[in-house]
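Taken in order, these protein sequences are the chains called C and H. Numbering follows the numbering used here, in which position 20 of the first sequence is assigned residue number 17; successive positions increment by one, without gaps. Numbering follows the numbering used here, in which position 58 of the second sequence is assigned residue number 55; successive positions increment by one, without gaps.
The hints are simulated quantities; they were obtained by calculation from the structure and are not laboratory data. Fair warning: this is a prediction, and the values are worked out from it, not measured in the lab. Hints are supplied without guarantee of correctness; some may be wrong.
Pairs of lysine-lysine, BS3-like flavour, derived with a Cα cap of 27 Å [said to hold, decoys possible]: (1) C:38 to H:162; (2) C:49 to H:38; (3) C:38 to H:49; (4) H:47 to H:85; (5) C:47 to H:47; (6) H:85 to C:38; (7) H:157 to C:38; (8) H:49 to H:19; (9) H:85 to C:49; (10) H:85 to C:47; (11) C:19 to H:38; (12) C:162 to C:85; (13) C:38 to H:19.
Over the 10 Å line for every Cβ pair with chain C, so calculated as not near, a few chain H residues [said to hold, decoys possible]: (14) 6; (15) 84; (16) 156.
Glycine residues also receive a C-beta, built at the ideal position from the N, C-alpha and C atoms.
Number of protein chains: 2
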Amino acid sequence: MYEGIVQDLIDELGRLPGVGPKSAQRIAFHLLSAEPAEVRKLVHAISEVKEKIRFCEVCANVTEDALCRICRDPRRDPSVICVVEEAKDVVAVERTREFRGRYHVLGGAISPIEGIGPDDLRVRELMTRLSDGAVTEIILATDPNLEGEATATYLARLIKPLGLKVTRPASGLPVGGDLEYADEVTLGRAFEGRRLLDV
Amino acid sequence: MYEGIVQDLIDELGRLPGVGPKSAQRIAFHLLSAEPAEVRKLVHAISEVKEKIRFCEVCANVTEDALCRICRDPRRDPSVICVVEEAKDVVAVERTREFRGRYHVLGGAISPIEGIGPDDLRVRELMTRLSDGAVTEIILATDPNLEGEATATYLARLIKPLGLKVTRPASGLPVGGDLEYADEVTLGRAFEGRRLLDV
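The following block holds chain C by itself, in its conformation from the complex (with noise of 0.2 Å):
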């Protein structure tokens, strides 16, 4: 339908998470009549990130140094390390403030139908860091859903045998919503997990 390298630009963009055709489309034109420069500064920060991003040789957390940020930081606990499947997983916990230990970033959960089993995920390397004896806790904060509980169980039977504390974050309400629109498996692990009250 396209001039060629205008559909060649589309298909480019539709190959990105979440942008479907029409959203392509959308982009390529307002990258078509975008200033230059405004254009360039988009390309150079692709380029920059391939170019310049790696993987800490610790944790895997995203990095432009040998270490992370979190690995080099002297005050973040050595003894609690947080598993999580993604390097956005990483933010996503520090915005909340909670965590000072350091972490380590899977790669993935383990998922039959596609395929990953512990191989493929960076389960070697997190046994590694445990034998110094340094660490005393492990939180297995993997996503709630069936390839992340499978995961999380998979390690906590793996790490046990070590003698560490293995725990997982709580499921729950979100705070801020609204009962009756909670789904029924998150409502029973709320009620599951009912506290005590302290008043």
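Given chain C, work out where chain H should sit, using these hints.
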């Protein structure tokens, strides 16, 4: 929250139309872990479009040459011009395969709120095209919203004195739609424009 250049990329992506902060983050992390070759293809597609795409000298449609594919095509009827707001509207009309004339891209619609008047659109260029007497019909296919209607009315008043046939695509119920879900203005227009069934 993120290392500097990752945040820069998220910011740049967030400036694209329809890309919110969450999608920007998702796309950034996708690019981070994507194959370098795939990312190079995207960057190349963006750069190519910025370098090579220009606007047709006659109708302002997007093109890689001085004239667009449609203005170059001798089989397209030069006596009918379809006026649209944006180049992407050309593609929408082309997809119907109903129209065999030429186009004129205005570059927007009259919008006093956004400070866009007739002088900011390619109205003068349209009037020049009409001055040689080859055109007999103008189809005003601006958007069926407030700005589009105002633009169509403005252009109709300007063009009618030249003795040309000035038309506008019908408003009405979307084909395949459901009458009960139609908004009252659309339904009103559909009744207003009702046609005698020839059975």
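Pair hint outcome, residue 85 of chain H versus residue 49 of chain C [Cα-Cα no greater than 27 Å]: Not OK: residue 85 of chain H and residue 49 of chain C at ~36 Å, beyond 27 Å, violated.
Given the hint that residue 38 of chain C pairs with residue 49 of chain H, does the C-alpha gap stay at or below 27 Å? Holds, because 18 Å separates the two Cα atoms, which is no more than 27 Å.
Given hint residue 38 of chain C paired with residue 85 of chain H - CA-CA distance at most 27 Å: 24 Å, holds
Decide if the proposed pair is consistent with the structure: residue 49 of chain C and residue 38 of chain H, CA atoms, cutoff 27 Å inclusive. 18 Å, holds
Are residue 157 of chain H and residue 38 of chain C close enough, with their CA atoms no more than 27 Å apart? Violated - the C-alpha atoms of residue 38 of chain C and residue 157 of chain H are around 46 Å apart, more than 27 Å.
Evaluate the condition: distance from the CB of residue 156 of chain H to the nearest CB of chain C exceeds 10 Å. Holds, because the least Cβ-Cβ distance between residue 156 of chain H and chain C comes to about 26 Å, which exceeds 10 Å.
Are residue 19 of chain C and residue 38 of chain H close enough, with their CA atoms no more than 27 Å apart? Roughly 20 Å separates the two Cα atoms, so the pair holds.
Was residue 6 of chain H rightly flagged as not at the interface, with every chain C Cβ beyond 10 Å? 4 Å, violated
Tell me if the straight-line CA distance from residue 49 of chain H to residue 19 of chain H falls inside 27 Å. It is violated: about 32 Å lies between the C-alpha atoms, which goes past 27 Å.
Residue 85 of chain H paired with residue 47 of chain C [C-alpha distance capped at 27 Å]: With a Cα-Cα distance of about 31 Å, the restraint between residue 85 of chain H and residue 47 of chain C is violated, given a limit of 27 Å.
Can the restraint linking residue 47 of chain C and residue 47 of chain H be considered satisfied, given a maximum Cα separation of 27 Å? Holds: residue 47 of chain C and residue 47 of chain H sit about 21 Å apart, inside 27 Å.
Find the nearest Cβ of chain C to the Cβ of residue 84 of chain H and say whether that gap is larger than 10 Å. 7 Å, violated
Going down the numbered hints, you'll see the structure goes against 1, 7, 8, 9, 10, 14, 15, while the others check out.
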